[in-house]
Each structure stands twice: as C-alpha cells, then as structure tokens.
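Listed below are the residues making up each chain.
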Amino acid sequence: MVTNVYPKTVLYCGVCTLPPEYCEFGGTTKKCAEWLQANHPSVHAKLYSQEAIEQNLASLSVDAQKRAEKDSQKKAAKAEAASARAAETRATSKILIKRIERNKRKYVTAVQGLEAFDLDIKKVAKDFGKKFATGSSVTKVPGGGDEITVQGDLSDDIFDYIVENYKDVPEDNLECVEDKKKKKADG
Amino acid sequence: MFKKDITPGAKSKVKSSVQRTIRTKVLETYPLLDPYIEDILPKKSQLDLVKLPDRVSLYTLNTTPLFFQHMDDAILPHLGLVHKYPDAFHRLRIDRGAIRFVLAGASLMAPGLTSAGGRLPNDPEDTEGRYGGKELGAGEVVVVEAEGKETACMVGVLKVGTEEMKKVKKGQACEAGHYLGDGLWGLNLG
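In order, the protein sequences belong to chains A and B.
Okay, so the first sequence: first residue is 1112 according to our numbering, each after it adds one.
Okay, so the second sequence: first residue is 106 according to our numbering, each after it adds one.
Just so you know, these hints were derived from the structure itself, not from any lab.
Keep in mind that a hint or two might mislead.
Computed list of chain B residues with no C-beta within reach of chain A, every gap over 12 Å [what the hints assert, rightly or not]:
no.: 1; residue: G114
no.: 2; residue: V123
no.: 3; residue: Q151
no.: 4; residue: R160
no.: 5; residue: T165
no.: 6; residue: D178
no.: 7; residue: A179
no.: 8; residue: A209
no.: 9; residue: K239
no.: 10; residue: V246
no.: 11; residue: E268
no.: 12; residue: Q277
Within a straight-line C-alpha distance of at most 27 Å, the following computed DSSO-like cross-link-like pairs (lysine-lysine) qualify [claimed, not checked]:
no.: 13; chain 1: A; residue 1: K1142; chain 2: A; residue 2: K1181
no.: 14; chain 1: A; residue 1: K1177; chain 2: B; residue 2: K275
no.: 15; chain 1: A; residue 1: K1233; chain 2: B; residue 2: K109
no.: 16; chain 1: A; residue 1: K1237; chain 2: B; residue 2: K118
no.: 17; chain 1: B; residue 1: K275; chain 2: A; residue 2: K1181
no.: 18; chain 1: A; residue 1: K1181; chain 2: B; residue 2: K254
no.: 19; chain 1: A; residue 1: K1185; chain 2: B; residue 2: K108
no.: 20; chain 1: A; residue 1: K1119; chain 2: B; residue 2: K189
no.: 21; chain 1: B; residue 1: K116; chain 2: A; residue 2: K1233
no.: 22; chain 1: A; residue 1: K1233; chain 2: B; residue 2: K156
no.: 23; chain 1: B; residue 1: K254; chain 2: A; residue 2: K1189
no.: 24; chain 1: B; residue 1: K254; chain 2: A; residue 2: K1119
no.: 25; chain 1: A; residue 1: K1181; chain 2: B; residue 2: K109
no.: 26; chain 1: B; residue 1: K109; chain 2: A; residue 2: K1234
no.: 27; chain 1: B; residue 1: K108; chain 2: A; residue 2: K1189
no.: 28; chain 1: A; residue 1: K1237; chain 2: B; residue 2: K156
no.: 29; chain 1: B; residue 1: K254; chain 2: A; residue 2: K1185
Every residue gets a Cβ at the ideal spot worked out from N, C-alpha and C, and that includes glycine.
The shape of chain B in the complex, shown without the other chains (with noise of 0.2 Å):
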C-alpha cells in the first residue's frame, strides 16, 4: 500500500466524538490492548487525522503516528505502536528467507509461513504459545514477525484462513499493508 514513499496530506484534528468511535472501535478489533489504551490513546487527548494518498488516513497523537486506515476497512496499528505492544495483536511469524521479500513490499506467501521456519497458530514447535491456539480466519489484521528477529516486521490483512493455509501451503497469505522501511514507515510528521 505504501511502496513508494508518501507525502502526508492534510492534517486536522479530530472530533472528540469520532476519537470516542475510533477507540471503541480499536477495543474491539484488539481487545488485549484494552489494559495500555489508557497509554495508547488517553481520553483527554487530541487526536490528529493526517490524509494519505490513496484514501487512507492516519491516525496520530502528537506525531507518533497510531492507526491507519484504508476508507472504511479494518483499522491497522502502525508498526512503532506494534513494537511497543507486541503481545497485543494476532502474530504470525515468516521464516528467514522471507523476509527479504516482505521488506522489499512482496505480499506474504503461504510457503513462507508453513515451512519450518514459519509460525502459525496451532504450531507443534511453538512451545510456548506465543501464536496463540485459535485458528484466524481471512480478513483477520495479523502481525507478521520473522524467524531469528524480535520486532514485528510487517502488518497486514490475511486474504486465506491459517487452517486452509495449512492445508494448500500455496498462494498469497496475506496482503502486503504496512511493512519495515516503507513510505508509511518513513513518514516525516514534522
């Protein structure tokens, strides 16, 4: 979404009552943040909306961009608010010869998340249940982190169920959203 770098557009501040709206709305999709929302998004804050092109709009509180949004799809978390909160969103991880391809703004192949490497949820070799148990259906806003690494490295919407993936192992996983060192990434909010 973000391949090229971007120019922000017009910023302006947001109505208290669509802050409210947006803040639900983040509860809800993400609801493990519920305990740091408080950090996150104070009640009493401000809240800026900066246009982006091609009808997404970001979301920030004091330059510390928070959430985008494409129109009216699912809100997705920035990867700097992903990497303060790693815990608090589904995560899949890629293994180490993706990850080359996801940073250069590939969209996630199945292969990538099934070999040996790769993580999804229900993964015998994941021991400690850092995938989480319950399989994740298309649609879903998934964090994708890599093998060997500790921060996240993209975030994106899955276009196929971790189970059907399991089973074809074929084809895109995932649509590319916001990745490491894209245009969203190196956005200057001065």
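Just chain A, with the same shape it has in the complex (with noise of 0.2 Å):
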C-alpha cells in the first residue's frame, strides 16, 4: 500500500473472479491455485509460498482453524457438486432446431434449448439475423423458456453455424426437426 497512483490495478482471478488474495475463501481453491500458476506465476509464489500459508494459520487458534477447514472442504464439496451437475445436464440437453410451416411453402425456423449451453440467447439470435439476413427475434415458449425464431426456412444452415460457431456444442446434441405433418429433417 505505498503506490499512489491511482486509479489502482487490481487483478482478478480468471476463475472465482475475486481478487486471488481471497480465493482461497471461495470453493475452487485448487482451480484458482492453477490459473494463477499459469497466469500469473509471480503473484502465485507471493500468495502460496509455504511461508505465507504458515503465517495465514498462526493467526488462527487451533480450534478456529478446524472449523475453517471444514467449512471450506464442504464449500468445496459444493462447488464440484455442481460443476459436475452443470456438465451432466450439457452434456444431456439436446439442442432443437424445429422448422414450422408457417403458411405454404413459407417457413419459419425455431430453436430451443441453448441457454442450457451458457449462450445469450439475445445476442445468439442478433447474430442469426445477422448472418442470414433475415428477421430474428426470442419469443417465450408456452412451456418455459425462450426460444429463437428466424424469419425462413434456416433449419440446415443453422446446423451448421452452431456447430461451426459455438464449439461448445457437441454435434451430436443438435436435433433437426420438421413440426406437423412427416417427422423428418431434410431442408
């Protein structure tokens, strides 16, 4: 605390977002340990040298230290809990791409299900229309949630961008479906 000069840099942890300082209070100590090590091995030596972990646990009785760790074991526990859950249901939710007939030989394109894949929803539909040139908007669903509609028949060239453009998602939780009539995809 001897520099003057302001406004102050303070660096964050690219994992826990806290300043890494106060990491070790969050649950993904061990991930905020390594990104640190990775990013940033100066700050990492100062912070987890053996001789700053030894001194952090002096000012702390016996007692207090005990209740500390197990609070942090079942915030840590936590923390993998669902993280673990997160990539479960990524890796089950499926991905609709549905074409509606909306008047003969007119179509329009839903697509549902990509908030669970951490994509803005808004900012994903922007793009659509974007890139198609065509109308593009987030309509809510009678079931919940939020889907994209684009103005025409899109359903294949949507395909392909996703997988192209969001590598988070595996193809293979893509779905291409037609709505009424035949139950087949083929643009």
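Dock chain one against chain two, each of which comes alone in its own frame, and use the hints as you go.
Given below as structure tokens:
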C-alpha cells in the first residue's frame, strides 16, 4: 500500500473472479491456484509460498482453524457438485431446430435449448439475424423458457452455423425437427 | 443485500441533470474522491441506471458498475471502484477469522473489528494512520478490509458508532451491503 497512483489496477482471478488473495475462501481454491500459476506466476509464488501459508495459520486458534477447514471442505464439495451437475445437463440437453410451416411454402425456424450451453440467447438471435440477413427474435415458449425464431427455412444452415461457431455444443446434441406432418429434417 | 445471484432489470440512460446531482452527492459523501472524480465520472459521460431487485439501482458507466443505491439511502461504491481508489473511503479492518463469514454474506459483528487483527479508527497498533483518527458514527459508509489482504472485501453501512463498538465489543457492527463474490459482484452487464 505504498503506491499512490490511481486508479489502481487490481488483478482478478480468472476462475472465481475475486482478487486472488481471497481465492482461498471460495470453493474452487485448487483451480484458482492453478490458474494463477499459469497466468501470473509471480503472484502465485507470493500468495502460495510456504511462508504465507504458515503465517495465515499462525493467526488463528487451533479450534477456529479446524472449523474453517471443515467449512472450506464443505464449500469445495458443493462447488464441485454444482459444476458436475452443470456438465451433466450440458451433456444430456439437446438443442432442437424446428422447421415450422407457417403458410404453405413459407417457413420459420425455431431454435430451442440453447440456454443449457451458457449462450446468451439474445446475442445468438442477433447473430443469426446478421448471418442470414433475416428477422430473428427471441420468443417465449408456453412451456417456459425462450426460443429463437428465425424467419425462413434455415434449419440446415443454422445447424452448420452452430456447429461451426459455438464450439461448446457437441454436434450430437443438435437435432433438426420438422413441425407438423412428417418428421424428418430434409431441407 | 445481494446474497443470491441477481438478474439485472431494465437499463436506462440517466438524465444529465440527475447525473449532476449524483456527482455532487458522491463528492459530498466521499470528499476524498474529488481529485479522481473526473476519471470516475467524466462530466461529458453518459451514466446508465440499471434496476436491480429490491429497489436497488446501480449506476454504471459503459458496463463498469460504479455506485449502487437502495431507494434513497446513501450511495455506496461498487467494490470494483473501491479496489481502484481504496484510500478515498472510510476503512476498517477485520481479523482473519471473520473473512469467511463476511464472504458468505453475514453481517459484520463487532468482535471481528475489535480483536487484535481488526482495526478501527484511532487504533494504537495502526502506526501508519491508515484507518484514520476520527471516530465514525452510525450510518457511515465504510469499506471493510481484511487482515493480511490488500484489497477490500466488503462495503457496508455502520450500525453502531465505532466508539461504542470499542466499549461494547458485541453485536452487529455493520450491515452487510456488498461483499466479494455476491450477486452484485458477479453481475454480468453485457
């Protein structure tokens, strides 16, 4: 705290977004430490040196230490469970690309289930609109949740676009469906 | 206040006249920010108001959150801002044992401040005068730092004056406002 240059730049952890000093109080301490070592080795050396750890422990009573330890373990377990759950929903959830007949020879394409992959639906809708030069909007589905409605029959194009641009989405989780009448997605 | 994750509500532009009032109010509450106000809140800039749940409004400048306010209460700085200008606010320090409670969203209790690791204004162990020499009254906005850490971990409003705190050493000291890792901290303003 000697510098008097403002604004100060504070480093934030890329994993838990807290300043790295506070990583130890989050649930993802291990990952944070790895991240810090990879990205800012000098800070890592300072924060995770043997000395620093010993000093931290010295300032607490044994009893409080134990409690803190237990607490942090619980937290870590919770965080792990949450991330595992997120990974699972990601693996199982499907993206549906629906071709809906609107008016004999006119179609709209609806895309559902993008939110499970951490995509911002509004942004994706905007991207679709830009890419395909059509109207593209976010509409509410009666069953809850949002879907993207794109004007025109674009199911195959959207399929390719998603596979190419959103690498997080496995191709197997995409499905093209035709609404009403026969159920086959042939452009 | 922001224990749960929150979703930002409507975002709207702040009228320039209102922006001026905010600016003067900020300067009134935090006079030490005066030299930097031009960097934080340039005169020509366009502030945005983001509505948050529970009647909290957040003022942002190009997606950087600056201040938040619950109804007409005091304007509190966002921790990102506190980290940039740590010297401009009234500061207290808590001991190491209290950090994990604060980061879990508990309100700050007096023993965390009065113990050996904690610092209040006029602390005999505070040789640099970092924590000021003036006792603070109830209702003051304070930034809470932590023992052995450089950056602040919480912003809140004092419930009890610091003088009284030193005498009583018990009970709630500070209402948990905004702490590291809470919903406001994790808020994504795309």
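Verification of the hints:
{"no.": "1", "hint": "G114", "result": "15 Å, holds"}
{"no.": "2", "hint": "V123", "result": "24 Å, holds"}
{"no.": "3", "hint": "Q151", "result": "20 Å, holds"}
{"no.": "4", "hint": "R160", "result": "25 Å, holds"}
{"no.": "5", "hint": "T165", "result": "16 Å, holds"}
{"no.": "6", "hint": "D178", "result": "25 Å, holds"}
{"no.": "7", "hint": "A179", "result": "22 Å, holds"}
{"no.": "8", "hint": "A209", "result": "8 Å, violated"}
{"no.": "9", "hint": "K239", "result": "19 Å, holds"}
{"no.": "10", "hint": "V246", "result": "19 Å, holds"}
{"no.": "11", "hint": "E268", "result": "25 Å, holds"}
{"no.": "12", "hint": "Q277", "result": "20 Å, holds"}
{"no.": "13", "hint": "K1142(A) with K1181(A)", "result": "19 Å, holds"}
{"no.": "14", "hint": "K1177(A) with K275(B)", "result": "24 Å, holds"}
{"no.": "15", "hint": "K1233(A) with K109(B)", "result": "23 Å, holds"}
{"no.": "16", "hint": "K1237(A) with K118(B)", "result": "22 Å, holds"}
{"no.": "17", "hint": "K275(B) with K1181(A)", "result": "25 Å, holds"}
{"no.": "18", "hint": "K1181(A) with K254(B)", "result": "22 Å, holds"}
{"no.": "19", "hint": "K1185(A) with K108(B)", "result": "18 Å, holds"}
{"no.": "20", "hint": "K1119(A) with K189(B)", "result": "4 Å, holds"}
{"no.": "21", "hint": "K116(B) with K1233(A)", "result": "15 Å, holds"}
{"no.": "22", "hint": "K1233(A) with K156(B)", "result": "19 Å, holds"}
{"no.": "23", "hint": "K254(B) with K1189(A)", "result": "25 Å, holds"}
{"no.": "24", "hint": "K254(B) with K1119(A)", "result": "15 Å, holds"}
{"no.": "25", "hint": "K1181(A) with K109(B)", "result": "23 Å, holds"}
{"no.": "26", "hint": "K109(B) with K1234(A)", "result": "25 Å, holds"}
{"no.": "27", "hint": "K108(B) with K1189(A)", "result": "17 Å, holds"}
{"no.": "28", "hint": "K1237(A) with K156(B)", "result": "24 Å, holds"}
{"no.": "29", "hint": "K254(B) with K1185(A)", "result": "23 Å, holds"}
When held up to the earlier numbered hints, the structure conflicts with hint 8 and nothing else.
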